[in-house]
Amino acid sequence: MPMRALLWLVEGTWQGCVDAARPLLPADAEITLLHVTPSEVAEVAGGALAGLLGRGRPEPGRHPAERISALSEESALELLAAAEARLGRAARRATRRGRVEHVVVEAARDTDLLVVARDGDRSRLGPASLGPATRFVVDHAPCPVLLVWPDEAPGLESIPPPPPHGPGRRPA
Amino acid sequence: MPRAPAETIALLLLAATLAFAVVRPHGLPEAVAAVPAALLTVALDILPAHAALDELRNLGPTIGFLAAVLVLAELCEREGLFAAAGRRMAVACRGRPVALLGLVFLVGSTVTAVLSLDATVVLLTPVVFATAVRLRLRPKPQVYACTHLANSASLLLPVSNLTNLLAFRASGLSFARFATTMTLPWLAAIGAEWVVLRRTFASDLVGRGELDAADRAGARSAGGPTYAVVVLALTLVGFGMAQLAHLDPAVIAGLGAVALAVPALAGRRARIADLGRAAAVPFLLFVAALGVVVRGVSAAGLGPLVERLVPTGGSLWSLLAVAALAAILANLVNNLPAILLLLPAAAAAGPGTVLACLVGVNVGPNLTWVGSLATLLWRRALRERNAEPPIGEFLRLGALTVPVALLAASTALWLALRVLS
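Here the protein sequences line up with chains A and B, keeping their order. Quick note: the first sequence, position 93, residue 93 per this note's numbering, numbers continuous. Quick note: the second sequence, position 293, residue 1293 per this note's numbering, numbers continuous.
Certain hints may be false.
Ranges of calculated distance between the beta carbons of each label pair, as one might list FRET restraints [stated by the list, open to error]:
#	chain 1	residue 1	chain 2	residue 2	range
1	B	Gly1218	A	Leu77	14 to 22 Å
2	A	Arg92	B	Leu1012	56 to 64 Å
3	A	Asp112	B	Arg1277	33 to 41 Å
4	B	Pro1036	A	Leu77	27 to 35 Å
Listing some non-contacts, in silico: residues in chain A with all C-beta distances to chain B over 10 Å [what the hints assert, rightly or not]:
#	residue
5	Arg4
6	Gln15
7	Ala27
8	Glu30
9	Ala50
10	Ala94
11	Val103
12	Asp119
13	Arg124
14	Gly126
15	Val148
16	Ser158
17	Pro163
Covered by chain B, according to a simulated footprint, are these stretches of chain A (three or more residues, beta-carbon under 8 Å) [to be verified]:
#	segment
18	18 to 26
19	36 to 44
20	106 to 118
Hints in this document: simulated from the structure, not taken from any laboratory. Given the structure is predicted, the values throughout are model-derived calculations rather than measurements. Glycine is no exception: its CB is placed at the ideal position from the N, C-alpha and C atoms.
Start from the sequences, fold in the hints, and give me the full structure.
Right, here's the structure in full:
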């Protein structure tokens, strides 16, 4: 049975994620490209409107949360189409909405490999190179995870030297 | 009516008015409850009829001013001002997310100051979202920035926020004096937001955005709404000069709206009905009625209590205390009734206290949206209105920015008052 690979793509790191995964995926792999829109973005816009007491409800098509929801579906599909073109091979496209880290873990349930890009501080090797959502996904994924650097990985010299009184070294 | 029951009834009327405005059963306009509550306030003799008329006479110009600003913002939208701002930001940030955030701060603060927070929330936020996703950058920091600035960047001008319009008259300050005094607090609040948002969303401000060839070409070929920008600039200058010519700034706002409305109507980009809708008559009625209801609450006995609670004096500590009190009240009941409740006592204490109140009621709402009592009591109704109680990240961000912005803006206000007096 061919491998089922899921690429989680996020704005800002998607190109690097596609580029890093391309040479590592088997030729016969069934690839799915996943984009998750954080539901809180529309919620925050709707909440700000609710805070404007007395203004009534905007006419249809003018509610900021609804406008954002409509736009986000469209732009997610465009991003996945661009990613498929960049990958250079056929892939399934999946757009979801919700609490991002939970939706990604859920989507990884029936997959053989989840590809995730680091999205934190990428100037040095270390735990800070994973943002909070990526951290959650790596920690909770129900399948093997391929964690890639979306751009060139920093050198080993970026690891700070161990502290002088760190574990294993007692002060004299 | 005896004092104790009058006080209870006045508070109940206020609670009912606010509850109805938050829940809006069957989508009915907020004025449906507010107007009868105002009539009852007078009929039950909680507030004498002449005092109610006094309040309405006071509110009249403010409400006219508000209507003109709402129409002005709507016409700017129809002239394509917000879409043009989005295109400009997309090109000017050169794909860098932090540069885009900087531009969102610039545009968001300006739109809020000039066209009021309503324009930022309703008209600018979706444009900012569209700009970020068109560049394939993460929209979250940009949208959060927009909604936060709608509140904290609404300190600058009387037109920036309805709370300011209400306080402007009570303060006795001229438009120019209000603006010069509030410039420093406005900048301080924006600066505080920048520092906190930039840090909190560091891991979302990554990557390099790109514009499609079509978007780039569109941005280059599309002209800006020059006429609308010129009218807005002249309106602003007019605000500053109005009082020299003994004109009410509301008149200037009206003239600005007319200057934009005439070509829009002639060019069929807007109909009279659109302008009527933009003026939001039910909202204006709601503000007038809420003013009467709150005045009833003050008259029935809460007024002296608020007076005792509001610290007076121009020291840094009293300004900080006033801002904190106003922020707490805004988070309990919503900032509109909060400022109406505080105004009589604050105005008696002087313009510095009024402005400190504004710092509190304008910055404070970034902690909860509608006010926490409303959020607690009407959770379900809020959820149906796509305004779920604040989520974890929103609350965390508010808990970080609100105290910092309050402290920075109040200190800046104290400085400004000392320098300008």
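So, going through the hints one by one against the coordinates:
no.: 1; hint: Gly1218/B <-> Leu77/A: 14 to 22 Å; in the structure: holds, 20 Å
no.: 2; hint: Arg92/A <-> Leu1012/B: 56 to 64 Å; in the structure: holds, 58 Å
no.: 3; hint: Asp112/A <-> Arg1277/B: 33 to 41 Å; in the structure: violated, 55 Å
no.: 4; hint: Pro1036/B <-> Leu77/A: 27 to 35 Å; in the structure: violated, 49 Å
no.: 5; hint: Arg4; in the structure: holds, 26 Å
no.: 6; hint: Gln15; in the structure: violated, 8 Å
no.: 7; hint: Ala27; in the structure: holds, 28 Å
no.: 8; hint: Glu30; in the structure: holds, 25 Å
no.: 9; hint: Ala50; in the structure: violated, 3 Å
no.: 10; hint: Ala94; in the structure: holds, 17 Å
no.: 11; hint: Val103; in the structure: holds, 15 Å
no.: 12; hint: Asp119; in the structure: violated, 6 Å
no.: 13; hint: Arg124; in the structure: holds, 14 Å
no.: 14; hint: Gly126; in the structure: holds, 13 Å
no.: 15; hint: Val148; in the structure: holds, 14 Å
no.: 16; hint: Ser158; in the structure: holds, 17 Å
no.: 17; hint: Pro163; in the structure: holds, 24 Å
no.: 18; hint: 18 to 26; in the structure: violated (count 0)
no.: 19; hint: 36 to 44; in the structure: holds (count 6)
no.: 20; hint: 106 to 118; in the structure: violated (count 0)
When each numbered hint is compared with the structure, violations occur for hints 3, 4, 6, 9, 12, 18, 20.
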